[in-house]
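Student: Here's the letter readout for the chains.
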Amino acid sequence: MPQAYRSVEITVNGLTYNRQVEPRRLLSDFLREDLDLRGTHVGCEHGICGACTVLMNGYTVRSCLMFAVQANGAEITTIEGLAKNGKLHPLQEAFWENHGLQCGFCTPGFLLSACELLERNPDPTEEEVRVGLSGNMCRCTGYQGIVESVLAAASKMKAQK
Amino acid sequence: MKPPKFDYFDPTTVEEALDLLKEYGEDAKILAGGQSLVPLLNFRLARPQVLVDINRIKDLDYVRENNGTLAIGAMTRQRTLETSEIIRSKCGLLTDAAELIGHPQIRNRGTVGGSLVHADPTAELAAIAKALDAQMKIRSSEGERTVAAKDFFVTVMTTVLEPSEMLVEVEFPALAPSAGWAFEEFVLRHGDFAVVGVTTVVTLDAKQTCTELRLAAIGVDETPFRDPEIEGLLQGQKITDSLLDELAARVSEKVDPFTDLHATAEQRKHLAGVLAKKAIKKAEEAAILNLKKES
Ligand SMILES: Cc1cc2nc3c(=O)[nH]c(=O)nc-3n(C[C@H](O)[C@H](O)[C@H](O)COP(=O)(O)OP(=O)(O)OC[C@H]3O[C@@H](n4cnc5c(N)ncnc54)[C@H](O)[C@@H]3O)c2cc1C
Ligand code: FES
Ligand code: FES
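Just so you know, the protein sequences line up as chains A and B, in that order. Counting in this note's numbering, the first sequence runs from 1 upward without gaps. Counting in this note's numbering, the second sequence runs from 1 upward without gaps.
Any given hint might turn out to be false.
Stretch by stretch, here's where chain A covers chain B in the computed footprint (C-beta under 8 Å, at least three residues) [stated by the list, open to error]:
1) 99-105
2) 186-192
Some chain B residues close to chain A (C-beta under 7 Å, calculated; not the full set) [to be verified]:
3) Pro-3
4) Lys-5
5) Pro-11
6) Thr-12
7) Thr-13
8) Glu-16
9) Tyr-24
10) Gly-34
11) Val-38
12) Asn-108
13) Lys-254
If you are wondering where the hints come from, they were derived from the structure by calculation, not from laboratory data. Since the model is a prediction, treat every value here as computed from it, not as a measurement. Quick reminder that beta carbons are idealized off the backbone N, C-alpha and C, glycines included.
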């Protein structure tokens, strides 16, 4: 028999949560409403804008195109998990320093997409950054500042290694 | 918007999934990568009573080489097309075209099987399946059948699959080491669905004469366009600019596109010809390089 509610165990930013969810609960709503982690933004709910991007087991996913039940057993990183011990992630610092954001609505999604991008390709060209971030939309910056931020973060992270 | 209520099953074996499809028939939908289905649910354009989530079926996520062919399980993520060494060495067209499918976040979830069954008229994988004569392996609780790509796509977002059936595997032929290929698209923004796209595989002999041309176009008809007569134009010929112009004109003439808010039918006809020429040239250059590597 199908159940009206399912038990899930999902690790978000290192903390493990046990909850009951309706199968139709979107992962984005689970994070925002059930866990009160509202840094994951919801712009379109049909996979276009990228604002809801989170990392699942190290890979970026649209949290609006997944159900929380599907993340049962998974490890999720949201924007709230990027800074460590009160210190911003180098990407966050670079966005701050290079005008990578204006209103900030798109920023959580961009930062998590950029995390994956630099993980795969620590030394990207400008073109590679643009292609890598093509799945995120920004209505404010014109993208220039975002691309510069990611390139700046890449050099900084390389220097730290 | 939020999805309507549904009953949710997440079987771990193909057999369990097939039993559920048999039991619920038209009321059930398979949930693969969700990158096309979940938007439809969120907007309530689809209201299935039952979702059969096949993401926990590990047996559907594989890439295998079987004498001369490449078998890809339906739940293989589109990302794997970019990263799999077997795919790169046996059918590099899939590797090169993967980047054209949406964005990294989409390919991390979206599946090979889901793209083929969804049958968007501009799906890159549908074009490649058609051009390469891929074979679709389909199962139901009653048994198994194999359908050639040319018979698989029926019309926009419709394939020959019955509600009780599941696509379990797609088999692509391995490309000859001396073949060259290309996938050219006209697209408004990187990662968007193409307005028009053309994929081609060109095989040359040692004298650089074309021994085989395969060519499929998307965005110009309800299903990927392919035409044996057009493919025959280069057979046994040295590829020249004038021959390609003739071929491009024939492509433009033969396709039967639609007008929508992205492009008129006329523009699509024009693009199909231009992209065919561009793709064949690129594939020919690649084939010449591969020939040199071989000798
Ligand atoms: C922003 C964005 C951009 C995109 N850009 C492109 C693009 O440029 N090119 C492109 O080709 N696609 C694009 N897509 C679509 C993407 O490739 C989808 O992943 C794909 O169309 C569907 O695959 P899925 O695994 O996500 O399937 P789902 O969304 O889970 O399912 C799609 C349909 O197929 C059925 N189905 C799935 N698997 C099976 C199976 N094994 N057997 C039987 N039925 C099955 C489902 O019931 C459903 O009806 C884009 C999507 C988004 C959100
Ligand atoms: S809210 Fe998920 S992509 Fe826009
Ligand atoms: S900073 Fe406003 S949408 Fe990107």
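Student: Now, for every hint given, state plainly whether the structure supports it.
Tutor: Structure-based check of all given hints:
1. 99-105: Result for this restraint: holds, n = 5.
2. 186-192: holds (count 3)
3. Pro-3: This interface hint holds because 5 Å falls under the 7 Å limit.
4. Lys-5: Hint holds; Lys-5/B Cβ to chain A Cβ min 6 Å, cut 7 Å.
5. Pro-11: violated (12 Å)
6. Thr-12: Result: violated, 13 Å to nearest chain A Cβ.
7. Thr-13: Thr-13/B check fails; min Cβ-Cβ to chain A is 17 Å, beyond 7 Å.
8. Glu-16: With a minimum Cβ separation of about 13 Å from chain A (threshold 7 Å), the hint on Glu-16/B is violated.
9. Tyr-24: Violated. Min distance 10 Å.
10. Gly-34: For Gly-34/B, the interface hint holds, since the closest Cβ of chain A sits about 5 Å away, which is under 7 Å.
11. Val-38: OK, holds: Val-38/B within 7 Å of chain A, min 4 Å.
12. Asn-108: holds (4 Å)
13. Lys-254: The hint is violated - Lys-254/B has no Cβ within 7 Å of chain A, the shortest such distance being about 32 Å.
Against the hints set out earlier in the document, violations occur for numbers 5, 6, 7, 8, 9 and 13.
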